[in-house]
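**Q** The lines below spell out each chain.
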Amino acid sequence: MIINGVSIDATFAEAFPMKATRAIITAQNEKWAMISAQAMTGFATSVIACGCEGAIERVLDPSETPDGRPGVAIMIFAMGGKGLAKQLETRAGQCVLTSPTSALFSGIDGGIRIPLGKNLRYFGDGFQVSKQISGKRYWRIPVMDGEFLAEATTGQVDAIGGGNFLVLAESQPQALAACEAAIEEMRKIPNVIMPFPGGVVRSGSKVGSKYKSLGASTNDAFCPTLKGMTKTDLSPEIESVMEIVIDGLTKEDIDKAMKVGIQAVCDLGAANGIKRISAGNYGGKLGPFHFHLQEIMA
Amino acid sequence: MSALTFTLKYKSAQRVDMSPLVCQHLSGMSITEISALTLQSGKLKLRVDELFTISGSDAQEIVINNSVDNLDFIGKDLDGGSITVNGDAGAYLAFGLKSGEIKVSGNAGLYAACEMKKGYLEIAGNAGDFLGAALPGNKMGMKGGTILVKGNVGERAGDHMRRGNILIEGNAGDYCGSRMTAGTIAVMGQTGRYLGYAMRRGTLLLWNQPKLSASFNDCGAHTLAFLPILFGSFKTLNSRFADASEAFNRVQRYAGDMSEMGRGEVLVKL
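Chains B and L, in that order, are what the protein sequence lines are. With this note's numbering as the guide, the letters of the first sequence map in order to residues 1 to 298. With this note's numbering as the guide, the letters of the second sequence map in order to residues 1001 to 1270.
It should be emphasised that the hints constitute simulated quantities derived from the structure, not laboratory data. One thing to keep in mind: the hints can contain errors.
Here are the simulated DSBU-like pairs of lysine-lysine, each with C-alpha atoms no more than 35 angstroms apart in a straight line [to be verified]:
no., chain 1, residue 1, chain 2, residue 2
1, B, LYS86, B, LYS256
2, B, LYS136, L, LYS1211
3, B, LYS118, L, LYS1235
4, L, LYS1143, B, LYS86
Remember, it's a predicted structure, so these values are computed and weren't measured experimentally.
Build out the structure end to end from the sequences listed, making use of the hints.
**A** Shown next as structure tokens:
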């Protein structure tokens, strides 16, 4: 398959079941909601070492938030429910509770309920106040700038992590420009996040390493500087490869995000140095979810 | 199916215990069976059809017409369905209400919504003393749900209240929110003396500055984030509480009752 001069590999991205949650952070203005959201989703690029994958899903209009203030929806994914709950609580406590004027709300009504502000309330040292409004429990925790309002719980749902595609380009600036265009379009799709910095990862990994202590190491088959040293997957004209990783609530959500992302890359086309789209997989042995590139773009 | 309607024929000389006439008890019963039920009235047991003309068949939607103030225990322990009272209700209206809704077009007597658990009670007129309170000697009053009173309420509204909302468009008598454990009482009108007497936790939300006891301490003026959410939850009500122009989030906060636990609050609109 070739779209606008870009070859789409007959391969697939391999993804894994994860647990996910969404939270809504509001603040006095969008600037402070965003600061809090960025803090909460910082150091959350990969479960390999961060404990979770998280990112901002989208900015919310005041009409969409529970307290009518500007807000930001964030999503966090982890390999298990226990880990997710721990990450959520730790991050909420250190990054949102601490952030001026912030409030924190559930972003998923259904699912298994996991603590959001439920345990943060103890920071109130007995001065915290509970309010049950329309069946939802909120905690009002006295803090130095006033009150931190947090919904007691949010929903944990089954989700999918690790959807991905690789952008192979003739130069590093061209690869990055294509990924930026893809991310811009993918951020318009609900229920997905691209957890790496700016949504793009330049250090795609393979399973295993020559060093026993490492479970993952650089994906040498796609490293352009190793073309003459390893069993490469790159043709001579490829000088840079970048990857976009997608976590989403459902397979359909990831399908949609991959489609618009790949389309945005292909719209730049061969004329802008984009030569190929590929994807990362482990031969289909590790993850039950397969995202076939050519099927998605058909 | 039309609503199961009880139209009062005359006002009994004695008070009448209406507790058998709730949706869950009448469901599946024929009009003949309902007619044969008896209601305690003083020392007498009156057949339902002696007091009421009965029509309709939908027991999930009960209407009581020509209701008067000696019909007690209307909607006692109601668990789903609705009861509409056209006229006044006696004492213990919505006693122990579990779920469903009760609407009264007139006034209600003492102990309305006493120990109510959930559901919705709307009183278009006034309510008597001990609205949403606990029975004498009991420690737990209203435990959930919402009460809306469009008129005034008597003394001790929310006595021993534990959870839920009491919304009063008019005035509240003395000892409003006394011995509250938690929950919210909102009063748009004036409040009487000894507001929040011995309250432990909970919120008294007021539109007008009350006369507070010395055991309430001023915590200053604040903008509270939970108030827009609270007012948002009133939007579906047929009430001034649903009016966005009545909502506010800037309040003077008083903490009390310091002679008790002191974790309660009186929030006064600024």
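**Q** Hint numbers the structure violates, sorted upward?
**A** none
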